[in-house]
Amino acid sequence: MSDSINDKMATLGLTLPEVPLPVAAYVNCVRSGNLLHLSGGLPIRADGSMITGKIPTDLTPEEGQEAARLCILNRLAVVKQEIGSLDKVKQIVALNGFVNSEPDFQGHPVVINGASELLLQVFGDRGKHSRTALGAASLPLGVAVEINLVVEVE
Amino acid sequence: MSDSINDKMATLGLTLPEVPLPVAAYVNCVRSGNLLHLSGGLPIRADGSMITGKIPTDLTPEEGQEAARLCILNRLAVVKQEIGSLDKVKQIVALNGFVNSEPDFQGHPVVINGASELLLQVFGDRGKHSRTALGAASLPLGVAVEINLVVEVE
Amino acid sequence: MSDSINDKMATLGLTLPEVPLPVAAYVNCVRSGNLLHLSGGLPIRADGSMITGKIPTDLTPEEGQEAARLCILNRLAVVKQEIGSLDKVKQIVALNGFVNSEPDFQGHPVVINGASELLLQVFGDRGKHSRTALGAASLPLGVAVEINLVVEVE
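Residue numbers (our numbering), protein chains in the order written: chain A, 4 to 157; chain B, 4 to 157; chain C, 4 to 157.
Keep in mind that a hint or two might mislead.
In silico lysine-lysine, DSSO-like type, Cα no more than 27 Å apart, as pairs [to be verified]:
(1) A/Lys131 - B/Lys11
(2) B/Lys131 - B/Lys83
(3) C/Lys93 - A/Lys91
Covered stretches of chain A, going by a simulated chain B footprint (3 or more residues, C-beta under 8 Å) [stated by the list, open to error]:
(4) 39-49
(5) 115-124
Hints were generated in silico from the structure; no laboratory data involved. Positions of the beta carbon are idealized from the N, C-alpha and C atoms, including for glycine.
Okay, chain A solo, but in the shape it has when bound (with noise of 0.2 Å):
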């Protein structure tokens, strides 16, 4: 099978990580209907590892796009588990960005679009989505950024 998105991302040169397990009683995706429920995926590493800290105090938020940027490349390997192929995505329908934020923190936006863009860059048009960025008082694991999806696929 040809798989375009596969194509455009190695253009792009980002590659899919492993999919991660995730770290409590519950699963990375259900599907009902031709929707994607994704859970809250956080920022690893190609080694493991993940992104930690508050913003803008522990981190700038450059540095929380990069973490944002992590959190979509996980849920898209869990999309292509469930699916077979990232050409099977008709559209990303919303996106949940939980930035771990100082209480003054105003810059949820320009964390996100860290994932945003990278959704946009991949899907084209099928990558717009509708949005809610918001500031956490903490987060899973101390990361910086936790990030769930809706997914229409075919």
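For this one, chain A is given, so just place chains B and C on it according to the hints.
Below, chains B and C without anything else, positioned relative to chain A:
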């Protein structure tokens, strides 16, 4: 086409604002099947300024209610743009309301009632929604309230 | 009608509480197609009191797990009221768990496991859900945990 919701809003003295531009790399709304998934909306005044600050230190809960109302008005402007008439709204399915609040704040239900009661006034039974209200550590641009919606349409 | 989930809950020593009254201007559940969207549920004890406080300062993570269990029990009471029998639950699709936590808390997965493990015990494979757990700055009425659900039904 008749637009009874439009008439109802006029009776209530409500007018829809301009559709807001997303503040980053996403869209206001994605439709999947007969569900609209709306991005998190911010409390934008008619002059384009936003209601900012934490509750209850910078703003009272009553001022927070007004912020919640403004979020809903601009969300409804998005719905109208998407489907042409608010008469095509079948049911407000889900509302998530995030309050920019101090760690000891407990009055989120009162604040988000500003949104819920407006929906009930405008849509009657079709406005009865499931809801989650909670306190965010911080919100984009420092706004007081952020609200997203899932809306079933004809 | 047989109600095997009811039997399973009895075996586990679990009883459904009274269906809680929403604390504000919304409803407990909205059905759209075959999906139930449940409002954020609070940890209500049998006597009507709630488990309140921040984790881990006011409550231990283990006490937080109990709060998460209570949230699920009253969410299941809502589901049963909506569809008549929990046997009609096809799949728990998504769970969002919000922990009233200090800024440096990292144990959200442990806390929300109180909810997830209960769903797995009661529903088996049908209880396997996607999940997002995070820290809220504050929660309604000062509760320790708030949980909403999306549930697919027959």
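Checked hints:
{"no.": "1", "hint": "A/Lys131 - B/Lys11", "result": "violated (33 Å)"}
{"no.": "2", "hint": "B/Lys131 - B/Lys83", "result": "holds (18 Å)"}
{"no.": "3", "hint": "C/Lys93 - A/Lys91", "result": "holds (25 Å)"}
{"no.": "4", "hint": "39-49", "result": "violated (count 0)"}
{"no.": "5", "hint": "115-124", "result": "holds (count 5)"}
The structure shown violates the earlier hints numbered 1, 4.
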